[in-house]
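Trainee: Please build the complex by placing chain Y on the supplied structure of chain R, with the hints as guidance.
As you go down the protein sequences, you meet chains R and Y in turn.
First residue of the first sequence? That's 0 in numbering that gives the first Met the number 0, and the numbers climb one at a time after it.
First residue of the second sequence? That's 0 in numbering that gives the first Met the number 0, and the numbers climb one at a time after it.
Quick caveat, the hints were computed from the structure, so don't treat them as lab data.
Please note that the accuracy of each hint is not assured.
[Stated by the list, open to error] Below, a list of computed lysine-lysine pairs in the DSBU-like style, where the Cα atoms sit at most 30 Å apart:
#, chain 1, residue 1, chain 2, residue 2
1, Y, K32, R, K163
2, R, K2, Y, K32
3, R, K249, R, K9
4, R, K2, R, K56
5, R, K56, R, K9
6, R, K286, R, K300
[Unchecked claim] Residues on chain R that point at chain Y, a partial pick, calculated with CB under 8 Å:
#, residue
7, N27
8, L30
9, L86
10, G155
[To be verified] According to the in silico footprint, chain Y covers these stretches of chain R (three or more CB under 8 Å from chain Y):
#, region
11, 160-166
12, 265-275
C-beta atoms are modelled at their ideal positions from N, C-alpha and C, and glycine is treated no differently.
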Amino acid sequence: MRKFVFFGGKGGVGKTTVSSAYALKCANAGLRTLVVSTDPAHSTSDVFDQQFDDTPKPVDGVSGLDAMELDPEEEVSRHLQGIKRSLSTQVSPAMVNEIDRQVEMAHQTPGAYEAALFDRFVDVMRDSDEYDRVVFDTSPTGGTLRLLSLPEFLEGWAERLLAKRKQSVRLFERAAIGGREPRRMREGDPVIAQLEERRDRFALAGRLLREEAAFFLVVNPDELSIRETRRAIGSLDDATLDVRGLVVNKLTPEPDDDENGRGARFLRDRVQTERERLKTLREEFDKPVVAEIATRIAEVKGDLLAEVASEIDVEVRAEPAE
Amino acid sequence: MTLAERIAAFRDIAEEWLRGLYHGMISHPAYEKIENEAEDIEDAFMLACFPDAFGIPSPVSYYTAELLPYLEDEFEAWERRMWDRGSLLERKGQQYHF
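Same shape as in the complex, but just chain R:
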């Protein structure tokens, strides 16, 4: 298995449970593992009965397993503060308000959360040297998975901006005929430096996601979840990301044969429809079904988590580097 493993899917299908269970499985197999939750609701804390925050913390009672929870809101305000700090040192007081308004606006746009989240993803992946395996529990909000297919697009965008900026600076330099001071210079232009840094970051993200990440989709045996999964696979495939399989969660348990009450009849019908849907999943999707996990009566945590972990048939061993 590759170093970075992502679990995605529609809201409420049990991504947190599945990714926690898989992380536990990896840790028990002796890999240094980090599980990263990006869900603002942060249920990782509930699964392990322990509060986590923005920095990796060891999970009590499991050796070799750390957990962290990303908070995009915090990241957005940190980003905003950083810009404001450099505003106050760079910009004259007369312009501060004007530019300040623009900066505030940029942090209110719909994409800000996703961008912040993306930044944190890249940070975590880049600084993950001490771990053998990093498991991401992606949030359903705003299509985190779609976000992950974007680095190439963003890289191209940064590249285009960079080209424009270089071109205008070059013309300004050329306009400085006969020893005049050019209005802008290529040497030490902070805008070019900043854009280059961004571009390199996107390039790194794209490379890590394409070459070192594997994706799994968690799906429930119901129509909506299946449809959403089909779309998700489509967009991940388009971005040439490596979708390894489907994890079917929340399957209804079958009643014993001698039971014939109303509840048993209901369950039998339900199991019947779910079999149909499993068949659809097996036949119409070109990705293998790697796990079939039955609904549990209690919340999945503690010993139950280990039990679920054993039902996930996903390779744990690290893959040799390509």
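Mentor: For chain Y alone, kept in the frame of chain R given last:
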């Protein structure tokens, strides 16, 4: 004033006129044109960075906001140029001295 001094004075005046003529006809329009072109490209750059200043939401303005502290002069000049400009034709027309 000797003849030699009068010639020297005339040459000074002629030289100044020639330099002025050269500057006005050749070098000034040349760098002005190039500078205008550079400004136009910069405008396009600024528009690509901050389309939300015109109410066009941009998914990347979160990233471009990082550039703002360094774009103070550009930002002000850009906004001014955007207000001044009646039409693209007007701006382009300015680049030619009729």
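Trainee: Against this structure, judge whether each hint is valid.
Mentor: Now the hints, each set against the structure:
no., hint, result
1, K32(Y) / K163(R), "18 Å, holds"
2, K2(R) / K32(Y), "55 Å, violated"
3, K249(R) / K9(R), "13 Å, holds"
4, K2(R) / K56(R), "19 Å, holds"
5, K56(R) / K9(R), "27 Å, holds"
6, K286(R) / K300(R), "28 Å, holds"
7, N27, "39 Å, violated"
8, L30, "34 Å, violated"
9, L86, "5 Å, holds"
10, G155, "11 Å, violated"
11, 160-166, "holds (count 4)"
12, 265-275, "violated (count 0)"
Hints 2, 7, 8, 10, 12, counting from the list given before, are not met by this structure.
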